[in-house]
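Chains as they are written, first to last, in this note's numbering: chain A, 1 to 116; chain B, 1 to 113.
There may be inaccurate statements among the hints.
[Claimed, not checked] Using 20 Å as the maximum straight-line C-alpha spacing, the simulated EDC-like pairs for lysine to aspartate or glutamate come out as follows: (1) B/K49 - A/E87; (2) A/K41 - B/E88; (3) B/K58 - A/E104; (4) A/K64 - A/E87; (5) A/K41 - B/D85.
Honestly, the hints are just simulated from the structure, not real lab data.
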Amino acid sequence: GAVVSQHPSWVICKSGTSVKIECRSLDFQATTMFWYRQFPKQSLMLMATSNEGSKATYEQGVEKDKFLINHASLTLSTLTVTSAHPEDSSFYICSARGAGGIGELFFGEGSRLTVL
Amino acid sequence: AQSVTQLGSHVSVSEGALVLLRCNYSSSVPPYLFWYVQYPNQGLQLLLKYTTGATLVKGINGFEAEFKKSETSFHLTKPSAHMSDAAEYFCAVSEGAGNQFYFGTGTSLTVIP
Numbered sequence: 001g002a003v004v005s006q007h008p009s010w011v012i013c014k015s016g017t018s019v020k021i022e023c024r025s026l027d028f029q030a031t032t033m034f035w036y037r038q039f040p041k042q043s044l045m046l047m048a049t050s051n052e053g054s055k056a057t058y059e060q061g062v063e064k065d066k067f068l069i070n071h072a073s074l075t076l077s078t079l080t081v082t083s084a085h086p087e088d089s090s091f092y093i094c095s096a097r098g099a100g101g102i103g104e105l106f107f108g109e110g111s112r113l114t115v116l
Numbered sequence: 001a002q003s004v005t006q007l008g009s010h011v012s013v014s015e016g017a018l019v020l021l022r023c024n025y026s027s028s029v030p031p032y033l034f035w036y037v038q039y040p041n042q043g044l045q046l047l048l049k050y051t052t053g054a055t056l057v058k059g060i061n062g063f064e065a066e067f068k069k070s071e072t073s074f075h076l077t078k079p080s081a082h083m084s085d086a087a088e089y090f091c092a093v094s095e096g097a098g099n100q101f102y103f104g105t106g107t108s109l110t111v112i113p
């Protein structure tokens with residue numbers, strides 16, 4: 001199957017700083033990527049849909065100025081958590097839709113953010 | 001509108017016993033159905049998928065699922081549980097290629113030695 005890689009896997013930052021998480025499709029081009037947030041023992045919450053070359057589409061209740069998404073190329077989307085606070089601590093997962101076929105989702109390994 | 005219901009947020013089975021994880025969906029069109037597995041602090045890995053054709057789908061690690069349209073179900077089974085099967089399992093539905101995925105709330109599987 002296709003490979004999606006996230007970096008970093010773990011990040012700890014101070015409150016008020018910004019953190020960037022990268023999501024790369026390693027062996028295929030992804031025109032669409034998705035960013036999810038997952039709280040402990042819960043399902044995935046879709047935050048936004050990232051489209052290459054255009055603005056991301058955010059789900060209701062997700063602050064677009066807080067969670068900046070950039071999808072500058074067909075293999076890279078980034079999520080920047082700006083002015084992070086402890087309540088932003090979470091597990092963030094990206095996924096990319098495979099080209100052609102049934103467009104199934106391939107997931108990154110996830111990035112755990114801890115804001116002190 | 002689509003939705004996915006996973007009955008039982010926690011399932012415990014003995015090693016070697018049958019694994020049955022339930023998933024029911026609602027969809028206005030023939031759905032695409034998926035099961036994903038998530039190990040601690042990792043992303044999701046595709047176990048199996050149903051799009052069209054044979055309703056009994058076989059996936060990785062000995063898992064299989066059967067699409068039953070009349071019951072709007074896509075339950076996941078494995079004849080004999082292994083310790084390494086302990087993980088979180090998510091059922092997902094999509095209304096076709098390129099459409100949004102909807103995930104269930106997940107079922108945590110514990111395997112007792």
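Hint check results:
no. : hint           : verdict
1   : B/K49 - A/E87  : violated (35 Å)
2   : A/K41 - B/E88  : holds (9 Å)
3   : B/K58 - A/E104 : holds (16 Å)
4   : A/K64 - A/E87  : holds (16 Å)
5   : A/K41 - B/D85  : holds (17 Å)
The structure shown violates just one earlier hint, number 1.
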